[in-house]
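Participant: Keeping their order, the protein sequence lines are chains A and B.
The numbering of the first sequence is my numbering, which starts it at 1 and goes up by one.
The numbering of the second sequence is my numbering, which starts it at 1 and goes up by one.
Don't take each hint at face value.
Stated by the list, open to error - In silico BS3-like pairs for lysine-lysine, Cα to Cα no more than 30 Å straight-line: (1) B:Lys164 <-> B:Lys203; (2) B:Lys203 <-> A:Lys203; (3) A:Lys115 <-> A:Lys292; (4) B:Lys292 <-> A:Lys292; (5) A:Lys203 <-> B:Lys292; (6) B:Lys77 <-> B:Lys280; (7) A:Lys292 <-> B:Lys280; (8) B:Lys71 <-> B:Lys115; (9) B:Lys154 <-> B:Lys164; (10) A:Lys115 <-> A:Lys203; (11) A:Lys154 <-> A:Lys203; (12) B:Lys71 <-> B:Lys117.
No lab work stands behind these hints: they were computed from the structure.
Please read these numbers as outputs of a predicted model, since none were measured by experiment.
Protein chains: 2
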Amino acid sequence: MSVVAVGSVAFDTIETPIGRVERAIGGSATYFTLAASYFVPVNLVAVVGEDFDDEYRGVLAGRGIDLNGLKVVKGGKTFFWEGRYGQDPNERESLVTELNVFDGFRPELPEAYRKAKWLFLGNIDPEIQLEVIGQIEGRPLVGCDTMNFWIERKPDKLLAVLRKVDVFFINDAEARQLSGNINLISAARTILEMGPTAVVIKKGEHGAFIFTENFRAFVPAYPLEEVVDPTGAGDSFAGGFVGYLAKAGELHELNLRRAMYYGTVAASFTCESFSVGRLKSLSQEDIQDRFKALVDLVHVQLE
Amino acid sequence: MSVVAVGSVAFDTIETPIGRVERAIGGSATYFTLAASYFVPVNLVAVVGEDFDDEYRGVLAGRGIDLNGLKVVKGGKTFFWEGRYGQDPNERESLVTELNVFDGFRPELPEAYRKAKWLFLGNIDPEIQLEVIGQIEGRPLVGCDTMNFWIERKPDKLLAVLRKVDVFFINDAEARQLSGNINLISAARTILEMGPTAVVIKKGEHGAFIFTENFRAFVPAYPLEEVVDPTGAGDSFAGGFVGYLAKAGELHELNLRRAMYYGTVAASFTCESFSVGRLKSLSQEDIQDRFKALVDLVHVQLE
Numbered sequence: 001m002s003v004v005a006v007g008s009v010a011f012d013t014i015e016t017p018i019g020r021v022e023r024a025i026g027g028s029a030t031y032f033t034l035a036a037s038y039f040v041p042v043n044l045v046a047v048v049g050e051d052f053d054d055e056y057r058g059v060l061a062g063r064g065i066d067l068n069g070l071k072v073v074k075g076g077k078t079f080f081w082e083g084r085y086g087q088d089p090n091e092r093e094s095l096v097t098e099l100n101v102f103d104g105f106r107p108e109l110p111e112a113y114r115k116a117k118w119l120f121l122g123n124i125d126p127e128i129q130l131e132v133i134g135q136i137e138g139r140p141l142v143g144c145d146t147m148n149f150w151i152e153r154k155p156d157k158l159l160a161v162l163r164k165v166d167v168f169f170i171n172d173a174e175a176r177q178l179s180g181n182i183n184l185i186s187a188a189r190t191i192l193e194m195g196p197t198a199v200v201i202k203k204g205e206h207g208a209f210i211f212t213e214n215f216r217a218f219v220p221a222y223p224l225e226e227v228v229d230p231t232g233a234g235d236s237f238a239g240g241f242v243g244y245l246a247k248a249g250e251l252h253e254l255n256l257r258r259a260m261y262y263g264t265v266a267a268s269f270t271c272e273s274f275s276v277g278r279l280k281s282l283s284q285e286d287i288q289d290r291f292k293a294l295v296d297l298v299h300v301q302l303e
Numbered sequence: 001m002s003v004v005a006v007g008s009v010a011f012d013t014i015e016t017p018i019g020r021v022e023r024a025i026g027g028s029a030t031y032f033t034l035a036a037s038y039f040v041p042v043n044l045v046a047v048v049g050e051d052f053d054d055e056y057r058g059v060l061a062g063r064g065i066d067l068n069g070l071k072v073v074k075g076g077k078t079f080f081w082e083g084r085y086g087q088d089p090n091e092r093e094s095l096v097t098e099l100n101v102f103d104g105f106r107p108e109l110p111e112a113y114r115k116a117k118w119l120f121l122g123n124i125d126p127e128i129q130l131e132v133i134g135q136i137e138g139r140p141l142v143g144c145d146t147m148n149f150w151i152e153r154k155p156d157k158l159l160a161v162l163r164k165v166d167v168f169f170i171n172d173a174e175a176r177q178l179s180g181n182i183n184l185i186s187a188a189r190t191i192l193e194m195g196p197t198a199v200v201i202k203k204g205e206h207g208a209f210i211f212t213e214n215f216r217a218f219v220p221a222y223p224l225e226e227v228v229d230p231t232g233a234g235d236s237f238a239g240g241f242v243g244y245l246a247k248a249g250e251l252h253e254l255n256l257r258r259a260m261y262y263g264t265v266a267a268s269f270t271c272e273s274f275s276v277g278r279l280k281s282l283s284q285e286d287i288q289d290r291f292k293a294l295v296d297l298v299h300v301q302l303e
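Chain A on its own, in the form it takes in the complex (with noise of 0.2 Å):
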């Protein structure tokens, strides 16, 4: 079952203890659409100006990722991002935004991608979102991130857009902003009401937890000695998360646990490298050695 998502794809400059990459590869659909291509066909939604060379072409197409929908506007320059990571990875500056034409994106579906089975909307205008999800024929699945802007700016559009959510994303901050509650386990309920079929709560560092009507659980973020670069590393979690989920197929409870693990296990790798550097040329062995360290390091005998 093959994934469309539509995000930002984007060039970074990104700054770290360890060091510095500039007009790399990055935004959230790039990040998404790598991790998912380890497990399914992927379709890409995005923007990109005539800057976008086909050396940056290259690392999407070498995963195989459909580009039909990577819109080019000529003459026009890709949305560009420039932070800050001090030591402690969690906390970043932005220091340069400029959004160039990925302000007033208005994603356009080829006719291909119109029969999707599931759809992943990053971290974009919730007006906008509600409109793809509308270009789509039938009832898609749908993945969801959003961000604190959104909550703050759109919180009815983004409300319209939760009631057609199966797996909504969201960080710990943005759950309590959203649900206006402190404890993640109350915010996680008061969002299931708001539609979803599962909420999905990161925590970067310290994990994330799943919470469904049925079932709750947590996955430890595996645990790196260095985090070279963690730009991306959630929007690489929601890739691994539905990639698994699309390939494997109903949203039950066995699906969704290994969901979390290969989420996880995308964005550890995505905090290995600068930008994409590591999450561009994974092999299906690595994904699965890392699968297996990270269910051992939770493993325990019952008695």
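The hints should help you fit chain B onto chain A, whose structure is shown.
Facilitator: Using the frame of chain A, we list chain B on its own:
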């Protein structure tokens, strides 16, 4: 196999967003011994004042804790602490600390305790921790806790203690401070080189890691919808951990992994009420049910 535990017994006045309790029983050794008492016989070494009356003694005696090592100073007052928690249970403010009889506490182990196979040293002056180790005949298994105060004031003595410790409990901030490493895996490796067989790094609501030369493992905190009072959670963790391990016998991986789960179970019960309200009155079924719920939280089926 019984455990001898040395630490503080105190009166705590605690305010949290949920309520307030005055002069409730507290102190590191109180939480530790109660948690450990569900697994093995426990011998307490601590000091209190005359104001520590039969009602308070009864809390400990009611769990079968041996109080022959609980020294009562005539005319003295018991260690008193007052603190307040905000909405975030990880942030607490100390309002009053009156050491009283705990000031200058020099533990003397009753003869019957000196053949102990398991010794737990709560967070006290490392010089005194060394003295206590010296009072045990032979080479006991030693669990040990500390805090930033001793890392700053008596690093050399603490290092001398660590060379005699089997399981060292420390929180994440203290692990970074003691090791000089920001990354917790690097921190754990550095601390392992100081002597302990196992280092347990406690991260509060974010769970705990254990590191040895041969394996590493993680257990999440048990998710609670309402944290009534987190005081003593870390000491309860150590009590459940050491209690289980003393019962299980050898310090091998299988037992250490289970000990992490039992420590977490004990800590979760402590957080569910003020003081030791819940911790003092558990059934073996309560403990087993929560152990299973915690295992279920991270459970995943391999493919």
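Participant: None of the hints should be skipped; say for each whether it holds.
Facilitator: Against the structure, the hints:
In summary, the hint linking Lys164 (chain B) to Lys203 (chain B) is supported, as the alpha carbons are separated by about 24 Å, within the 30 Å threshold. Of the supplied pair hints, the one linking Lys203 (chain B) and Lys203 (chain A) holds, its CA atoms being roughly 13 Å apart against a limit of 30 Å. Between Lys115 (chain A) and Lys292 (chain A) the CA atoms are separated by roughly 35 Å; this puts the pair beyond 30 Å, and the hint is violated. Of the supplied pair hints, the one linking Lys292 (chain B) and Lys292 (chain A) holds, its CA atoms being roughly 21 Å apart against a limit of 30 Å.
About 24 Å separates the Cα atoms of Lys203 (chain A) and Lys292 (chain B), which keeps this hinted pair within 30 Å; it holds. Taken as a hint, the Lys77 (chain B) and Lys280 (chain B) pair is honoured in the structure, with Cα atoms around 24 Å apart against an allowance of 30 Å. A threshold of 30 Å between alpha carbons decides the hint, and for Lys292 (chain A) with Lys280 (chain B) the separation of about 38 Å lies outside it, so the pair is violated. Using a Cα cut-off of 30 Å, the hinted pair Lys71 (chain B) and Lys115 (chain B) holds, with the two alpha carbons roughly 19 Å apart.
Restraint check for Lys154 (chain B) and Lys164 (chain B): satisfied, since their Cα atoms lie roughly 16 Å apart, inside the 30 Å limit. Between Lys115 (chain A) and Lys203 (chain A) the CA atoms are separated by roughly 33 Å; this puts the pair beyond 30 Å, and the hint is violated. For a cut-off of 30 Å, the pair hint linking Lys154 (chain A) to Lys203 (chain A) stands: about 23 Å separates their Cα positions. Of the pairs offered as hints, the one joining Lys71 (chain B) and Lys117 (chain B) holds, with about 22 Å between alpha carbons and a cut-off of 30 Å not exceeded.
Checked against the numbered hints given earlier, the structure breaks hints 3, 7, 10 and satisfies all the rest.
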